[in-house]
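Asks: Here's the letter readout for the chains.
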Amino acid sequence: MFRGGRGGRGRGRGGPMMGNRREIAQNSVPWAIDPKDGIFIDGKPSDTYPVWNVPKPPTLTKKEEKQLDYFLIFREQAHDSPLYTEPPPRSKDSRKRAYGQAQINSRYADESKATIDPFTAIETYSKRFERKKRTLPDFSNLPFAKEFFPTELHATLDGLDDPNADRKRRRTGPKKLAVSNITSYGAGDLDEDGDEVNGEPDFRKALELLDNVEKLDGEDAFLSGEEDEWGNEDEDNEDAADAEAADQYEDESEDDYNAEQYFENDDDDYGDDGGDDGGEGVF
Amino acid sequence: MLVTAPLAEFCTLTIDEIYGELPSRIYASLLMRGRSTIQQLAGDTGMNARQLRHGLALLLQHNLLQYHLDAGSPHYFYEANVEHAYNLARTGKILQMVEETHGAAAKDVMQTIILTGLTRVGDLVDAYQNRIDRMNRIKEKLKAEEDPFGNGVESHEVNGEPKPKPTPQSSKSDPLISSIADLNKIIYKLVEAELLIGVHKTSFESPEDLLATIESDIQKTYPGGEVKGNKAKAEYKDKVAEALRKNRSESRSLKRKLEQNGLSAKRRKLFDGAASANGTPDGEMDLGIDPQQVMCINYEKCLVELRNRRLMHYAEEAFGQTTSWVYASLLNLLSKDISRCRDDPITDRYEKDEEKPAPVVVTTSQLLDVLKTSLDLSVGLGQVDADKISVTAAEKIAELPPRKKFFIDVQAEADANASSDDDDEGEDVKPATNGVNGVNGTHVTNGVNGTAKRVDRRTQLRQHLLLLSESTQGFLRHCGAEEWTVDFVPLMAALRQAEIDATIENTVGREGVRLVRMLRAKGKLDEKAIMSVALMRKADMSKKLAEMHKYGFVQTQEVPREAKADVKKSFFLWYFDGTMALERILDVSYKTMIHSLQVLDTLREKDQHVLSLIKRSDVKGQEDDKLRKIHKEKLTQFLKLERMLLGQIQRVDDLVAVLRDY
Chain A
778 MFRGGRGGRG RGRGGPMMGN RREIAQNSVP WAIDPKDGIF IDGKPSDTYP
828 VWNVPKPPTL TKKEEKQLDY FLIFREQAHD SPLYTEPPPR SKDSRKRAYG
878 QAQINSRYAD ESKATIDPFT AIETYSKRFE RKKRTLPDFS NLPFAKEFFP
928 TELHATLDGL DDPNADRKRR RTGPKKLAVS NITSYGAGDL DEDGDEVNGE
978 PDFRKALELL DNVEKLDGED AFLSGEEDEW GNEDEDNEDA ADAEAADQYE
1028 DESEDDYNAE QYFENDDDDY GDDGGDDGGE GVF
Chain B
31 MLVTAPLAEF CTLTIDEIYG ELPSRIYASL LMRGRSTIQQ LAGDTGMNAR
81 QLRHGLALLL QHNLLQYHLD AGSPHYFYEA NVEHAYNLAR TGKILQMVEE
131 THGAAAKDVM QTIILTGLTR VGDLVDAYQN RIDRMNRIKE KLKAEEDPFG
181 NGVESHEVNG EPKPKPTPQS SKSDPLISSI ADLNKIIYKL VEAELLIGVH
231 KTSFESPEDL LATIESDIQK TYPGGEVKGN KAKAEYKDKV AEALRKNRSE
281 SRSLKRKLEQ NGLSAKRRKL FDGAASANGT PDGEMDLGID PQQVMCINYE
331 KCLVELRNRR LMHYAEEAFG QTTSWVYASL LNLLSKDISR CRDDPITDRY
381 EKDEEKPAPV VVTTSQLLDV LKTSLDLSVG LGQVDADKIS VTAAEKIAEL
431 PPRKKFFIDV QAEADANASS DDDDEGEDVK PATNGVNGVN GTHVTNGVNG
481 TAKRVDRRTQ LRQHLLLLSE STQGFLRHCG AEEWTVDFVP LMAALRQAEI
531 DATIENTVGR EGVRLVRMLR AKGKLDEKAI MSVALMRKAD MSKKLAEMHK
581 YGFVQTQEVP REAKADVKKS FFLWYFDGTM ALERILDVSY KTMIHSLQVL
631 DTLREKDQHV LSLIKRSDVK GQEDDKLRKI HKEKLTQFLK LERMLLGQIQ
681 RVDDLVAVLR DY
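Protein sequence lines correspond, in order, to chains A and B.
Going by our numbering, the residue at position 86 of the first sequence is 863; the numbering climbs one at a time, nothing skipped.
Going by our numbering, the residue at position 45 of the second sequence is 75; the numbering climbs one at a time, nothing skipped.
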């Protein structure tokens, strides 16, 4: 039997243990080490990996913080632009290592009706508030210096690069450049410092709010009357959401039911979430 | 710029981060395959032509592509512009720099222009006009809201609105452009500083295409289309260089036009005064620029400005703040005439030395004029007895830039000294040099401590300048009586070397740097020879060398003893190759940046539900009210991590800039 060590326990000579040397290690191992000999087994598991001193970078200086703020705001503005294309959510497999161009391409092509997540794909009310995802940049409302572009891209820049363009309502509105209103990134309201990045938040909110109202009423209507309403809204910022919601409704009624739209899908290979080119072209 | 795989990937990820997936996919393919047509891209990426056209147009609009059309060919070739793509990651730095030098309003305009890409002046003016109108409307509304019955000031206090008085606030925010005249002024300023340049016909030709076109044009002028003979060849090269320079200067035509219109800095100041006095209408500032003119950001000049900042920091490390401020103003003056950090070997080739443009020079008086009077020049200088000064040595005028060899010798000497002093790394030049240099004020007669001597400002300034020009790093050259210039090439080489040494020290420790310096000074050495120079135990030394070899800081060369190469008998020589070390460090830097972006992407995926929540239009701007506590915590955590990762990228980019761009 291998229980030879048991006898040792009875002798009561264990005494106070030192450090991490554990009783079990001392007494119950089968090869019976006698504490008299002064040999102890260290019960601690050995280190699998050497201690690695992860170097920690010093915190950012004020100047670096500022540079970072500016970069983040710039990125946020870029994401807000009609030229930003947001990818549809990809399945986890797309992160796997790819060998060759074909496999890389297939990463981006896996989005189809068959792969839609049935739990989130159903339209819900709150979907109205989600940001419209674009799979192609929208050039139709921006001015371009076309003389510097290759001729083969001119139609695209005019917003006419669409196989169904002639049958559809052409959405070439007035081509105007806009200055972005975004002046903060992340949760501006969460941290107190965030607001001070570039001026005061109230003003920005007022601008954004104004956007909403203008969308709602059209510029002229807004200018001509209903000042009281505007005043109320400004007082209470929470109404912004209502305005937005109303905006959504407004759009819908404006657009009416357009049967053609439902059958003429766009050519986006990105997927079938379809109507990115659909009725509401308000950006 | 050598485009390696990691650099290509970093550029692609940066574009993905800022402009989205579609352009980044096209860009990746362009980097991978080189120049391609739409058809080739379609075959490669599997996208349809419509997507490609959209993506290419987007990339071109942001100046990230070059294209070329061969005469008679129906297909355009597109090529990636890696410099611009990389510089996207520097946007934050550039904006901060613009704000520092030209004010917050200029930063706002710059940001809009970077965001838009190629911008027509007329469109920009319209956009700002639009915003100004809207701001005015809001202001009116707020005013109307404040005292609906015209009650005057008391009413808003009575109302006790939840938010603090809006009117004073909005007027505070107005430093951002409040009229078109302001905008015009800012555009002038930025164009004058060359931070904005005009886009012209050949802006989108890649350098290679441009060179090929120019070369073939010039070849046609030779009989038979062939350049024969040495003399003709040299002449031909000269002609090519001149044509290239002419083409390059076209982008500055916008600036020239401005200057011709007489709106140079001086006149504008006068103009400003008049405008503020008489309340000149907006239209009057609108003189110089054609509204059809298209502008974009000039990254080359931005890099020059960023380099100035880096050099100022370098001088600060060596001599302290006051001297570095003096140096910064001097660099500002100098860089008005410097358009790019590095000369192009073909374009900036001159047949004879006399034709070379003279190096830009700043005189002491010029510098004295621009220095702020609030800057106390007496700070940061040591005092030494007059008899310990060699006036001739201190005031020595070096008319010619240091030759390369000379520079290396000085370095080598310094290194040799440092190494023989065992532990003294030669880094603490600060106290020694300061003391010696402080001397330069020859007018200072006695150094009674404590008594403030009356030294005029000019002398103090000269002391700072002499201090800088005496440094081993070669900050400044006293190139004529009261004239100063900076030799950027050797100076940047010194800075690059310092950065490489710092990196090596952080990676393998001080002994490593010591060995590297020795190898740099002595060239290729056998292990035994290193041992005798380094005074190290063999085991320690071999271990260190092997470690550095692993990181690519030192290289070995095998030299056989006999004709029959026997490994056991051959010598192994260790040596330090600056270029290889530099490239290795760059490579690791790119990979670090890629890694940061990838980690960021993974984090984003992890917190996707929270992030999609804050993008919702009903939540945006009121996260505090609408988010749950657990979501808020997650969001804060994510934002913190994101800042850390992007901050890391910026830091690494500082290193990359020094090693590659400046």
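I should point out that these hints are in silico values taken from the structure, not numbers from a laboratory.
Take the hints with a grain of salt, since some may be wrong.
[To be verified] Heads up, simulated DSS-like pairs for lysine-lysine below, C-alpha to C-alpha not over 27 Å straight-line: (1) A:953 <-> A:909; (2) A:923 <-> B:231; (3) B:636 <-> B:598; (4) A:923 <-> B:664; (5) B:267 <-> B:426; (6) A:840 <-> B:636.
[Claimed, not checked] Computed spacing ranges between beta-carbons, pair by pair: (7) B:610 <-> A:821: 37 to 47 Å; (8) A:826 <-> B:570: 22 to 32 Å; (9) B:610 <-> A:842: 30 to 40 Å.
[Claimed, not checked] One-sided excerpt, in silico: chain A residues whose CB lies under 8 Å from chain B: (10) 824; (11) 825; (12) 827; (13) 828; (14) 841; (15) 914.
Note that this is a predicted model, so its numbers are computed, not measured.
Where a beta carbon is used, it is the ideal one built from N, C-alpha and C, also for glycine.
Asks: Look at each hint and say if it fits the structure.
Replies: Structure-based check of all given hints:
{"no.": "1", "hint": "A:953 <-> A:909", "verdict": "holds, 21 Å"}
{"no.": "2", "hint": "A:923 <-> B:231", "verdict": "holds, 12 Å"}
{"no.": "3", "hint": "B:636 <-> B:598", "verdict": "violated, 56 Å"}
{"no.": "4", "hint": "A:923 <-> B:664", "verdict": "violated, 45 Å"}
{"no.": "5", "hint": "B:267 <-> B:426", "verdict": "violated, 38 Å"}
{"no.": "6", "hint": "A:840 <-> B:636", "verdict": "violated, 30 Å"}
{"no.": "7", "hint": "B:610 <-> A:821: 37 to 47 Å", "verdict": "holds, 45 Å"}
{"no.": "8", "hint": "A:826 <-> B:570: 22 to 32 Å", "verdict": "holds, 25 Å"}
{"no.": "9", "hint": "B:610 <-> A:842: 30 to 40 Å", "verdict": "holds, 35 Å"}
{"no.": "10", "hint": "824", "verdict": "violated, 22 Å"}
{"no.": "11", "hint": "825", "verdict": "violated, 23 Å"}
{"no.": "12", "hint": "827", "verdict": "violated, 15 Å"}
{"no.": "13", "hint": "828", "verdict": "violated, 17 Å"}
{"no.": "14", "hint": "841", "verdict": "holds, 6 Å"}
{"no.": "15", "hint": "914", "verdict": "holds, 5 Å"}
Violation of the numbered hints given earlier is confined to hints 3, 4, 5, 6, 10, 11, 12 and 13; the remaining hints are satisfied by the structure.
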